[in-house]
Amino acid sequence: MVKWTEEERRIVREVWEKVDIDEIGEQLWARALIVYPWIERYFGTFGDIFTTTAILNNSKLAALGKIVLRGLDTAVKNMDNIKPTCASLSRLHYEKIQVDPDNFRLLAECITISMACKLKAELNPQVQATWQKFLSAVVEAMNSQYK
Amino acid sequence: MVEWTDAERNAIATLWSNIDVGEIGPQALARLLVVFPWTKRYFSTFGDLSTSAAIAANPKVAQHGKTVMGGLEIAVKNMDNIKAAYAKLSVMHSEKLHVDPDNFRVLAECISVGVAAKFGPSVFTPGFQEAWQKFLAVVVSALGKQYH
Numbered sequence: 003m004v005k006w007t008e009e010e011r012r013i014v015r016e017v018w019e020k021v022d023i024d025e026i027g028e029q030l031w032a033r034a035l036i037v038y039p040w041i042e043r044y045f046g047t048f049g050d051i052f053t054t055t056a057i058l059n060n061s062k063l064a065a066l067g068k069i070v071l072r073g074l075d076t077a078v079k080n081m082d083n084i085k086p087t088c089a090s091l092s093r094l095h096y097e098k099i100q101v102d103p104d105n106f107r108l109l110a111e112c113i114t115i116s117m118a119c120k121l122k123a124e125l126n127p128q129v130q131a132t133w134q135k136f137l138s139a140v141v142e143a144m145n146s147q148y149k
Numbered sequence: 032m033v034e035w036t037d038a039e040r041n042a043i044a045t046l047w048s049n050i051d052v053g054e055i056g057p058q059a060l061a062r063l064l065v066v067f068p069w070t071k072r073y074f075s076t077f078g079d080l081s082t083s084a085a086i087a088a089n090p091k092v093a094q095h096g097k098t099v100m101g102g103l104e105i106a107v108k109n110m111d112n113i114k115a116a117y118a119k120l121s122v123m124h125s126e127k128l129h130v131d132p133d134n135f136r137v138l139a140e141c142i143s144v145g146v147a148a149k150f151g152p153s154v155f156t157p158g159f160q161e162a163w164q165k166f167l168a169v170v171v172s173a174l175g176k177q178y179h
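Line order of the protein sequences matches chains W and R. Just so we're aligned, residue 3 is where the first sequence starts under my numbering, counting upward by one. Just so we're aligned, residue 32 is where the second sequence starts under my numbering, counting upward by one.
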């Protein structure tokens, strides 16, 4: 189980409070699909996802962005139980959606970049360290049901 | 050889012309030392690195951050031959400094976070991020090239 100091818990909560789920949800897919275009493979039924403009206007991606961030919200609210909280999601991504788990790390990176853009100087080294520790715990939990 | 589109060259040139190396360099190194603390191992002669405040105030960290950005400038000016331009730097990091090359990737990540935090979403768009991260990936690869 991941151990959190009081300071780390406070930082994760404060950072999360500043996240606008709609705004970051859109941005993270735009960044992931443009910077790591092989991810397009998973979105064959989503229509036009091939330019930044198309991605930002794509309602299916917007909806999925919100779903991902709501999942993160659940992890923020269950910081002492991230692995069991994410277990069924991990199994879903492994068995049904068949996502290469390396993409969880890449998506986490895009979330961090989106938040750096939003939070600017507030995402100082200390805050970045805590936030990335949290995302690593989530990524590890998403990997946990893969064999 | 790496192929660059005009859009990518423009993105790198635009970002680089607006980057204050005295600001981003020290910040990137501070981020590296705080977020990935095992990297402190390489800087045992730098004095106090025990807290993020100490790291932020450490003049050797600041100076080295600027040195790293100077290295990046070489890549910006030699985008069509970064591998050759970095041959000596790669040998130095491998044979003299004994840096685990995985740390180049991690430093590149810290530089990107600093650049994103500086420019915000309207400048550091997905397209610019793609070009910037591609550029840093080429730099990271060139730095690792002379390792054996």
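Hints in this document: simulated from the structure, not taken from any laboratory. Ideal Cβ positions, reconstructed from N, Cα and C, are used throughout, including at glycine. It cannot be assumed that every hint is accurate.
What the hints assert, rightly or not - Chain W side only, calculated, beta carbon under 7 Å to chain R, not exhaustive: (1) Ala32; (2) Gln130; (3) Gln147.
- Item | Earlier hints that do not hold, by number | Of the numbered hints, just 3 does not hold.
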